[in-house]
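*Asks:* Each chain, letter by letter, is given below.
Number of protein chains: 2
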Amino acid sequence: MVAVDVGGTSIKAGVLGADGRLGPVDRTTTPPAGSDGAPVLDAVEAIVRRLSDGGRPAAVGVVVPGIVDDAAGVAVRAGNLSWRDVPLRDLLASRLGCPVAVGHDVRAGGLAEHRAGACRGARNAVFLPVGTGIAAALILDGRVFSGDGYAGEVGHVDVGHDLPCACGGHGCLEAIASAAAVARRYSAATGTPVAGSRDVAELVRRGDPAAVAVWDDALDALAYGLSLLTGVVAPSVVAIGGGMGESPELVLRPLAGRLAARLTFQRPPRLVGAELGDRAGCVGAGLLARELVA
Amino acid sequence: MVAVDVGGTSIKAGVLGADGRLGPVDRTTTPPAGSDGAPVLDAVEAIVRRLSDGGRPAAVGVVVPGIVDDAAGVAVRAGNLSWRDVPLRDLLASRLGCPVAVGHDVRAGGLAEHRAGACRGARNAVFLPVGTGIAAALILDGRVFSGDGYAGEVGHVDVGHDLPCACGGHGCLEAIASAAAVARRYSAATGTPVAGSRDVAELVRRGDPAAVAVWDDALDALAYGLSLLTGVVAPSVVAIGGGMGESPELVLRPLAGRLAARLTFQRPPRLVGAELGDRAGCVGAGLLARELVA
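Chains as they are written, first to last, in this note's numbering: chain A, 983 to 1276; chain B, 983 to 1276.
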């Protein structure tokens, strides 16, 4: 199985072995976007051929961001990639001559965390990667729920602030609590550029007041978002992914406290760090490919 | 099949025929609550015996509010009935000598609206009765999703106001947008008691400014709640139940406009009135009973 995770900035790919483990991850820069997807399709084709040593893989799994119709294999809308209704599965299958599964990057990551990561064994769980954007994969009654491709968009629910969001709305969770928003807001508040949210986290550890303020805003908003997920779908476990999820003392513990303060009779989910890191989408892509030929 | 819907104020019951239609609905007042459920169990037993003409029904379905563990048949927590962990299914089965299905009133109503009402044919839908309280039944991938009994509590998500809620929280949707809240807030604002939200609706039709203000607050909050449901589970249809759902011009149309204003790339659900009225829970109870013996 060749597994490919197409992101807005990089394409990650690898080979999923029969044991369900992903081999070394090949990383390349995502080519400039085109609305028909051609430059990205060229890149994916080249990567798959390289990873297959010229042979034909049994199946290929490709995951992309945005709104994805998994059943039809169509990338309905992928913001960063400028795609609209690209029939990715059929285009790649005809180029590669093998079955291709197309899925959503975050839902595929959730599938991977459920099969082989932090959500293992949970009947109802959420995988919540906090990166450039925020979206959730919902595992409900043991299956990844897609909502016709539209479910899990918790990054764009209104959590009650007045900042604008790239989606065109206001008050979105993503606009205040994504890793990108944390870095951007710290830079804007202090005039000091930072490379990313990890730099802000380091400043929080050192007690930098502006970093603490930005971090607090992000945690409050994430707790709000988690309270909505808890009220609506009631996961027993939420696995936080992305750089922020890696820190128990800076993220998981304060988030659990703030979430508990927002709940009354609801069942508080256990908050844990995701386990598969930035390989989750790629592992999930491999699992989707394996389902095609199982 | 005998179907029973135990509410905080009344018990509705009827016989579900082989054609899936519910016969005349028998209504009695819910007896005073007891933590072991005994007075209510006595009442349910008497109703079932009366509706069975002294015979033994093939199966009985009973639905109750609160947190219900459908699989175990346990009423985990039913606020108005003061129940905690009442093993309703086993208690009733031993009294009645027939199989008993226990479910949640709103989820059972959602099942009924999906099988035979406003959500018919929808793969992903929400049934949202707006009554004394507010809770949602989620139909996801064609099945009612319970979240271990905790899903759909959209009445207690924070929609950004500062009013206290009976659950102990603040800002809950239910505290500003339930039929009870609308009536209570109008009475508080004007000093004029009203019997319920229908009276307030009538005043809105006549242009009463205080009624319009209370109604607007409720619609804004409901649109907020619907935007959260849309972002998280992406239903293609939302069936609004309760008295408020019956009015296209006062509820459905203004709600659709306010919801659209809150969405950007998300798929707006179609908003419709529920079709089964206050019989939905009872029809659902009958369907649950039928599944036991199918």
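Honestly, the hints are just simulated from the structure, not real lab data.
Heads up, the beta-carbon is just placed ideally off N, CA and C, and yes, glycines get one too.
Hints are supplied without guarantee of correctness; some may be wrong.
As the list claims (entries may be wrong) - Quick list of simulated restraints, FRET-style, between CB atoms: (1) B:PHE1247 <-> A:ARG1235: 32 to 40 Å; (2) B:ARG1252 <-> A:ARG1102: 36 to 44 Å; (3) A:GLY1142 <-> B:LEU1274: 27 to 35 Å; (4) A:GLY1103 <-> B:GLY1037: 53 to 61 Å.
*Asks:* Check each numbered hint from earlier against the structure, then list the numbers of those it violates in ascending order.
*Replies:* Of the numbered hints, 3 and 4 do not hold.
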